[in-house]
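Student: Now for the letters of each chain:
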Amino acid sequence: MKMLLVARKSLLEIVREPQLIGLELGLPLAFLILTLLMYNTPLLATYQVWVHDPGERAERMIEELRMQRYPTGEPVFKLTAEENLQNAEEALKERAAVVLLKANPGGGQVSLRGDALSPVFYRASVLLEAALRQQADREIGRSQVARLAVESIAAGSGQSQGPQTQFDLYAPGMIVFALLMVIPQTAMLVSREVRRHTLDRLQLAPVRTVELLVGISLAQLVVAAIQVVTITWLATALGFHGHGSLWLAILTGLVLCLGSIALGLVVAACVENDSQAANLGGSISMLLVFVSGAWFAMPALTLFTLAGHPIDLFDIFPATSGFLALQQVLAYGAGWRDIAFRLAVTLILSLIYFGIAVLVFKRLRMQPP
Amino acid sequence: MPDVVLRTQDLTKRFGDLVAVSDLSLEVYEGEVFGFLGPNGAGKTTSINMICGLIKPDAGSVWLLGQLLQGGDQGLRKNVGVCPQEIVLWERLTCLEQLIFMGQMYGLSASRASASARRLLEVLELTDKAKVQARKLSGGMQRRLNLAMALVHDPQIVVLDEPDAGLDPQSRVRVREYIHSLARVKTVILTTQNMDEAERLADRVGIIDHGKLLVLDTPQALKARLGEGDVLEVELTGEALDAGRLKASLQDQLGRREMQVGIDLQRHLVSVRGLNAISALAPIQAVIRENGMSVGEVRLRQNSLEDVFIHLTGRSMRE
Chain A
1 MKMLLVARKS
11 LLEIVREPQL
21 IGLELGLPLA
31 FLILTLLMYN
41 TPLLATYQVW
51 VHDPGERAER
61 MIEELRMQRY
71 PTGEPVFKLT
81 AEENLQNAEE
91 ALKERAAVVL
101 LKANPGGGQV
111 SLRGDALSPV
121 FYRASVLLEA
131 ALRQQADREI
141 GRSQVARLAV
151 ESIAAGSGQS
161 QGPQTQFDLY
171 APGMIVFALL
181 MVIPQTAMLV
191 SREVRRHTLD
201 RLQLAPVRTV
211 ELLVGISLAQ
221 LVVAAIQVVT
231 ITWLATALGF
241 HGHGSLWLAI
251 LTGLVLCLGS
261 IALGLVVAAC
271 VENDSQAANL
281 GGSISMLLVF
291 VSGAWFAMPA
301 LTLFTLAGHP
311 IDLFDIFPAT
321 SGFLALQQVL
331 AYGAGWRDIA
341 FRLAVTLILS
351 LIYFGIAVLV
361 FKRLRMQPP
Chain B
1001 MPDVVLRTQD
1011 LTKRFGDLVA
1021 VSDLSLEVYE
1031 GEVFGFLGPN
1041 GAGKTTSINM
1051 ICGLIKPDAG
1061 SVWLLGQLLQ
1071 GGDQGLRKNV
1081 GVCPQEIVLW
1091 ERLTCLEQLI
1101 FMGQMYGLSA
1111 SRASASARRL
1121 LEVLELTDKA
1131 KVQARKLSGG
1141 MQRRLNLAMA
1151 LVHDPQIVVL
1161 DEPDAGLDPQ
1171 SRVRVREYIH
1181 SLARVKTVIL
1191 TTQNMDEAER
1201 LADRVGIIDH
1211 GKLLVLDTPQ
1221 ALKARLGEGD
1231 VLEVELTGEA
1241 LDAGRLKASL
1251 QDQLGRREMQ
1261 VGIDLQRHLV
1271 SVRGLNAISA
1281 LAPIQAVIRE
1291 NGMSVGEVRL
1301 RQNSLEDVFI
1311 HLTGRSMRE
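Chains A and B supply the protein sequences, listed in that same order.
Numbering follows my numbering, with no gaps: position 56 of the first sequence is 56.
Numbering follows my numbering, with no gaps: position 64 of the second sequence is 1064.
Note that these hints are calculated values from the structure, not bench results.
Mixed in with the good hints there might be a few duds.
Unchecked claim - Straight-line distance between alpha carbons at most 27 angstroms, and here's what the computed DSSO-like set of lysine-lysine pairs gives:
1. A:K2 x B:K1129
2. B:K1131 x A:K2
3. A:K362 x A:K2
4. A:K362 x B:K1056
5. A:K78 x A:K102
6. B:K1136 x B:K1186
7. B:K1212 x B:K1223
8. A:K2 x B:K1056
9. B:K1078 x A:K2
10. B:K1056 x B:K1212
11. B:K1078 x A:K362
Claimed, not checked - Calculated from the model, a selection of chain B residues having no Cβ within reach of chain A, i.e. all distances over 12 angstroms:
12. A1059
13. E1086
14. I1087
15. Q1098
16. Y1106
17. A1113
18. S1138
19. G1139
20. E1162
21. K1212
22. A1221
23. T1237
24. N1276
No residue lacks a Cβ here, since even glycine has one placed at the ideal position from N, Cα and C.
The following block holds chain A by itself, in its conformation from the complex:
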């Protein structure tokens, strides 16, 4: 009963606090739009390749590249011939071209130039090299050992449908980002109770640590459900090709959010005021956004394998497994069974974190009655 009263009170405070709403919904929605602008490209992209071949010695190579197709029939490369090398270099700098294929006037060699910091260049150059090697092998009569075929990852996911754009892969990460913003939000909300002594008032009632923290968590979980629905809805409106169950996504989000709330409570127990809570909580959430892979895929640092699933170093955070589960649900249309392992890992970690948070908060913030 008391935890429901605390939950209602906390929810009213969140709803009436523009700063908190902005942190939990405004910021992730803004990042979602930025993600759309950055990653609204098809997964099976057609790469812009400019060709500088003044002696026309690489015609056969170019013809080979022109014939490269994805299984869907879409061309892998769009080739643009440019006789003026300076213009071709300029196109590269202006990102009109991803790769500049430069044929050696002496014949026999081509070079690939591009932005070494761009992952698109690496993807395109791998495909180019494979195609060129294939053509070279054929010319000298060497038998083909292997052929590189690029397919959408949906084809290997076991799902009937899958992500079609980069945005489809990254949009679920924005939900994780939003759910991780619950860390500073919870920390601010609770540290405010400490600073204004309303926590003392509640203790006089009296309220037990578990009742208080579960109450606050319930309010945050309501917000988390709203976050998942709102961001999924806006992402869909922006062109996200969602396939999975929204209910399953909400459940995954809630489980992940529990871990964020726990971290927020630990932060609140350790700081003196709202701004410290916002700073420390925000730093932790940003760190977790990175290690969870929500924004960028992190390198696999596998520690061991559990039930056939590799457990990486960053899997100690609920957000990492939570993101994978959420991405599977929303981008690949995964069901209960597909994400059961990741969901279970997220839940167990979140509960452990929450248990630690209750202990830390009780020790540092709740006075002994």
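Using the hints provided, position chain B relative to the given structure of chain A.
Tutor: Same frame as chain A, but now just chain B:
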């Protein structure tokens, strides 16, 4: 003999080397207004926090309604309502919302909490602000709401820690009237810096300083300890004040009258306490003139609790 509703026994609290409260033993009776006075940093709030269970004492015990207060005494602590010194409100909840919330947190049903909240808002003249968020209230209104929060669950014992601090005169009168109305209905423990308020409201007064309870009695009895009669205060004007010589002359003149003579150089004030103190005015004037000074304003007043307070705790500034 009325029932003892609160008893503390050798209550002690240290913060590092500082002994905030030392061996505090007192009893508070049912239905009385108990004034708990002391300068800033004397240990009042620490004592109250220990009594309420917000701070764990290093030693000693608290009995509430005859039962020893221990960890987890949720039922027992419901009998106490606390109005803290600071304004402790949820800024973004309306007056009504936070009163009902606290009422329910103390175990009242929603309807009882609502009825109690509305009654308190009416009594403390906040009805028209019922749906206004606390952050939008004036300081005086917030203070009154702070007081209402202590009472919403209808506790037997009400602890009011300087409830009149920072109030405008109108609000202070309203709060004083309300505290007065609580007397006999509830047991009130009142800490205040306002001696007039304490004298007017309290049945008994305890004065604490440096963590120790110095005296505990009725205001009348405490005033009587200073001496019977009135206080005559004579303001001095003029230069070349030799306090020692002046005091010796005054004592010489007034010694036979059994009066206490005091000289406050900082305030340029001679005070004489005793029966028929006004009769000493003429000799005092003569002595002052003999010492090369002249007489400014003259006041005659009764002994006050403030005299007792200053007598016990001194004039030096605290914190």
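Student: Each of the hints needs a verdict: does it hold here or not?
Tutor: Each hint, compared with the structure:
1. A:K2 x B:K1129: Holds, at about 26 angstroms.
2. B:K1131 x A:K2: Holds. K1131 (chain B) to K2 (chain A) sits at ~23 angstroms (cutoff 27 angstroms).
3. A:K362 x A:K2: holds, 17 angstroms
4. A:K362 x B:K1056: holds, 14 angstroms
5. A:K78 x A:K102: The given pair, whose Cα atoms are some 15 angstroms apart, holds under the 27 angstroms limit.
6. B:K1136 x B:K1186: violated, 31 angstroms
7. B:K1212 x B:K1223: Status holds; Cα separation ~20 angstroms.
8. A:K2 x B:K1056: Distance of about 24 angstroms is within 27 angstroms: holds.
9. B:K1078 x A:K2: holds, 14 angstroms
10. B:K1056 x B:K1212: holds, 18 angstroms
11. B:K1078 x A:K362: holds, 21 angstroms
12. A1059: holds, 14 angstroms
13. E1086: violated, 6 angstroms
14. I1087: Check fails; 9 angstroms does not lie beyond 12 angstroms.
15. Q1098: violated, 8 angstroms
16. Y1106: violated, 6 angstroms
17. A1113: violated, 10 angstroms
18. S1138: At about 18 angstroms from chain A, S1138 (chain B) clears the 12 angstroms cut-off, so the statement holds.
19. G1139: The claim holds: G1139 (chain B) sits with its nearest Cβ about 15 angstroms from chain A, beyond 12 angstroms.
20. E1162: holds, 14 angstroms
21. K1212: Fine: 24 angstroms to the nearest Cβ keeps K1212 (chain B) off the interface.
22. A1221: Correct as stated: the minimum Cβ-Cβ distance to chain A is 33 angstroms, above 12 angstroms.
23. T1237: holds, 48 angstroms
24. N1276: holds, 51 angstroms
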